[in-house]
Amino acid sequence: MTLNPDDPRLTAYALGELEPAEAAAVEAELAASEDARRVVAEIRATAEALSELYANETAPRLRAEQHLLILQNAAGSGSRRTGPARIIYFQTAALIAASLVITVTVAFFVHDRGATGGDSLRLLEAGRTGAAPEGWKLNTGEEKSGKLDSKTPRKGADSEAGGEKYRSDVSFGELRGGKAGDLSSLTENYKSPEGGAAASKRAPAEETRRFAGPDGAEAQNKDKNSEPIRERGERVAGEEAVRGDLGGSTTGGSVIDGNTTGGKIASGGGGVTRKPVVTKEIAKHKDARPSDGIDRGTSKSDDRKKETFADKGILSLSDKVEDKSADAPGPKGKLQSELSPSPSETKDSLQTEKSPAEPSRSEQSKSEQLQKKFRAGKSVESKDSTSADAKPASKPQKDADGDRSFDDEQLQILNTAQTESRGVPRRRRIQQYAYGDIGPLRGHESGLASTSLVRAPSGAPQPMLSGFVAAQDRPVSSFSLIPSADSYARVRRSLLVNKTIPDKTSVHVGEMINYFHYETAAPSEQEPVAVSAELAQCPWNPAHLLLWISARARDAAGDPRAASNVVVCWAANEPGPAENRISISRESLRLFAKQLGGNDTFAIVTNSVNPGVALEATKAGKKDAIDRAIDALPPQSSGDPAAAVQLAFETARKNAAENGNNGVLLITNGIENSGVRKLETSLASANTAGDVALNILNINENPTNESALVRLAESGNGQYYSIDNIQELQKSLADSAMLPKITVARDVQIRVVFDASRVLAYRVFDTNNSSNAASGGLDLSARLPLEPGIDWPAGQRVSVLYELIKSDPAVPAAQGPAAQAQSAETQAPQVSGSICSIRVHYKLPDGSSVRNIDIGVRDTQRKYVDASQEFQFCAAVATLGVSLSDLPGKGLASVDLAHEIAVRALAKDADSYRREFLELTGNARAILNLRK
Amino acid sequence: MDDSLNSQSQWVAAALERFEQPLISHAFRVLGDFELARDVVQDTFLKLCSQKREEVGGHLAEWLYTVCRNGAVDLKRRRRATNLDDASLDTFAGEPAAPIDAAEIGESCAALRATLQKLTPREQEVLRLRFQGGLSYKEIAGVTGQSVSHVGFLIHVGIQKLRAKLTKTQAIPRLGDYTNHPRKGLVQP
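Sequence order for the protein chains is A and B.
The numbering of the first sequence is this note's numbering, which starts it at 1 and goes up by one.
The numbering of the second sequence is this note's numbering, which starts it at 1 and goes up by one.
In case anyone wonders, no lab produced these hints; they're calculated from the structure.
Some clues are possibly wrong.
Derived pair list, reagent style PhoX-like, types lysine-lysine, alpha-carbon separation capped at 20 Å [stated by the list, open to error]:
| no. | chain 1 | residue 1 | chain 2 | residue 2 |
| --- | --- | --- | --- | --- |
| 1 | A | LYS619 | A | LYS654 |
| 2 | A | LYS678 | B | LYS118 |
| 3 | A | LYS594 | A | LYS619 |
| 4 | A | LYS622 | A | LYS594 |
| 5 | A | LYS806 | A | LYS843 |
| 6 | B | LYS118 | B | LYS52 |
| 7 | B | LYS118 | B | LYS165 |
| 8 | B | LYS138 | A | LYS499 |
| 9 | A | LYS504 | B | LYS52 |
A few chain A positions that, by computed beta-carbon distances, are all more than 10 Å from chain B [what the hints assert, rightly or not]:
| no. | residue |
| --- | --- |
| 10 | HIS67 |
| 11 | LEU69 |
| 12 | ALA563 |
| 13 | ARG758 |
| 14 | LEU844 |
| 15 | ILE853 |
No experiment lies behind these values; they were computed from the predicted model shown.
Positions of the beta carbon are idealized from the N, C-alpha and C atoms, including for glycine.
Go ahead and model the full structure; you've got the sequences and the hints to work with.
Here it is as structure tokens:
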């Protein structure tokens, strides 16, 4: 018999996982072996018992409001709102209150029309059943332009509060009938120009109610058009925050895109669609606006209420809010109650919704208009945004030379970004911060988080492109100086090893670009730190600029580094197919030994049955002796790694380098839980003085217990490295990260000061730039601290990218008080004529001297194809990251574009990492093509 | 349009009904917090809403588990980045001590549960994906990022450990008396 009872094929056969041919072979074996049949029977019985066990589990379900939200989205009517669960309790309370308000409003409306309360109920029922209630005329698929107008003045509707009038849009979105399971929602939006304080003074000025009934096909188009928004909303769902605001977007509160959340009424009955859309506008007087002309939107959740309720799946009224500034309601003090828009209105509305390629507004000087509005704090009007929603399905093709019309492109991107900013509630991260789940927000996070709401000079919030920070409000930016390439490692593993597209949330552009080393200017003899910058066209948004900043510390070579005493603890004890790991482990040791200098000592301890010293402390210069010891290491060690670590610490302490660096490097192929616990105990007893660092190198393509090993290394004042192949190993060793290094500069800070007259807005991709952090949505009235200074060891390098939106020079930029204070505090000078200036602030290692390096960056209007190869390759990596991430404003970013750029930037690829990047893009293209 | 919308809605609703609790359970194993697990599962289904049915196709379970797992791991990673004390021993924390009411389970289930808790987190995860989520080896490999053969190996090891325990406690019969076991209809000895 070739099968033994422990053969995994028996399990696979019992579970039906074998291919037919293999299963037939196993069956043949089973026929001849009673033992094998018994094993298979027992496996099946165990599997059955396990299934029962899991089936009997009583895991909690989602809460009702979560169900509701999901099913609303499934029906295409829900707004995308997510966040920590605790907020939902507050939502629920607000939701109930809003339900009551809206119910009264609906009833009152019905009453205005001379209908009875029963009519109101019948109307709701109509939405469910698809049948028009008696006495009501509902548009059907055959009656697109059917109109029911009722203009009834509403007493007291026009009022003024606090000297200003406010507008409230209440949209009754989608009435969806025909299915008992259909959901209902009712959303009300209030807009207040003065933020939270003003919200309490809210008073309706005018009301316009509208029932509209486009047919099903139109609704489908609309739904299709809103899909990208829902997609974007979904992308940031994991990080969206502050549920108190149920209303989706917080783009200054000025425009909330109903398309994001539906706003359709469709009947499932009889194939006829009835979609009365009720829009109630409580408009404010235009002339009551602030004299500075700034259309202040709302910012806080108390500025605007959007509540949703469900009534046993009867009615779906979702938030559709249209900016009515262009076609503001009629005479003040009058109530316009329209049961259907006028034919022309209907036509206009439908055109913007159903004709993606058809512009809804004049295209003349759109970029300029948008920029001016943007600067002035005005939102893009809804019709524009709707047309942006209805952008052509096919993305514009990139010109061969990257040239394109600036205005059109900027318009497209502005519209896209503006659209994306709607339907995006505040981020969950901010909510986590508010609840103390996470630590203080980083400076750049605060900046990105505030992108949906930035402060105008007067302190009022303005709409802002999602993901971008207004330079006039926040001219000083900082970024993380801690290099990290974790995201690239995940993307690489996903594309090269698993052959899958990585999860969007795991793609962080800043971490991806920092995987690579770029050849930039080395620090001079006088300065231990150098910074260089390059500005060119942004590949994925040709109307934008891409600023690449690369900072590096002096290399370790030639520095009088203190002697190192390293003891390697060889604990390659993973059973099974570990031959490859063993060879990698041996190779890692050789490479590591090569990193050591002549004054360093090197020893090896193994965890064979009896832990022993395989190589006594040897000067690193004796390469032959070290190589021989490495070759003689056992392929598998079955001893206790904890005992070996104990011995390694003893050896390290015995040969301790005075005033030097003493460390233990544990090389393992994986340690089980029990082993980790033993190691923790062993480390606690062996390293009580804390004078010997513990680094861990885990060589395993499927690493386990990583969290425990990370903590173990951290408790040993060392670092943990996960290596799955020789390339990663070489990369880690090439960084010499495991060797102790001298500090060449302390309290290093880099500040970028943008000239607000040249830069409209920016966003940063740095190593702390999670994809979610760029989604925006936080209103931070106070300036949060910039990145703190850190100490830099020799050889440290970090790169960061800024995506910049240039200002329209015709529009003067005003600098708010917060920005002025920020600039003054940082004392960073603005280099004349530059688009931004960069200041590196640091102290010498002994703290004796504080130094600054200032450079300016000018816009030479260079295309990215004309930039340096280093810039191009960095841009290629960023393009891939942007295309794979869930960032808003992707523009033209695609895998193909990343590949095209990278191909041109392979000249400086001594370590072949860049060529491997081409493999990534190639695999990504293949996978995406397969999906198509 | 209505048909497609209804179809999409019904599809999501069916997926919600089928996978809601298993996904919460799975996310809980990663996060150790039911509230966070609910959030992750909610996000998972919201993402599903924006997917075209034909794109997810016959890989619904794999898709859901992958998105849910990634979301949970990502959330855990971010939380851990700022709160080291919150870090558990492994990404997949494994079975809780008493997730179900002991009175509701039989003796064999209790033995099975006890043995299950002793498996490595990775073994527990693949077993849960297989026997709770109903995923195939290949789908599990897609979810966990491991090779199919390694998934098979992990499941085999997990089953072997459980089988050894159950046969020892006679929770499952040996071959000779198997035909008298209540589950005889399920197994062809």
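Status of the hints after comparison with the structure:
1. A/LYS619 with A/LYS654: Holds. A/LYS619 to A/LYS654 sits at ~15 Å (cutoff 20 Å).
2. A/LYS678 with B/LYS118: Between A/LYS678 and B/LYS118 the Cα gap is close to 17 Å, so the pair holds against 20 Å.
3. A/LYS594 with A/LYS619: 12 Å, holds
4. A/LYS622 with A/LYS594: 10 Å, holds
5. A/LYS806 with A/LYS843: 34 Å, violated
6. B/LYS118 with B/LYS52: 40 Å, violated
7. B/LYS118 with B/LYS165: Given that 20 Å is the threshold and the Cα spacing comes to 11 Å, the pair holds.
8. B/LYS138 with A/LYS499: 13 Å, holds
9. A/LYS504 with B/LYS52: 17 Å, holds
10. HIS67: 7 Å, violated
11. LEU69: Nearest chain B Cβ is 7 Å from A/LEU69, so the label is violated.
12. ALA563: 32 Å, holds
13. ARG758: Holds, because the least Cβ-Cβ distance between A/ARG758 and chain B comes to about 35 Å, which exceeds 10 Å.
14. LEU844: 31 Å, holds
15. ILE853: Since the minimum Cβ distance to chain B is about 30 Å, A/ILE853 lies beyond 10 Å and the statement holds.
Violated hints, in rising order: 5, 6, 10, 11; the structure is consistent with all others.
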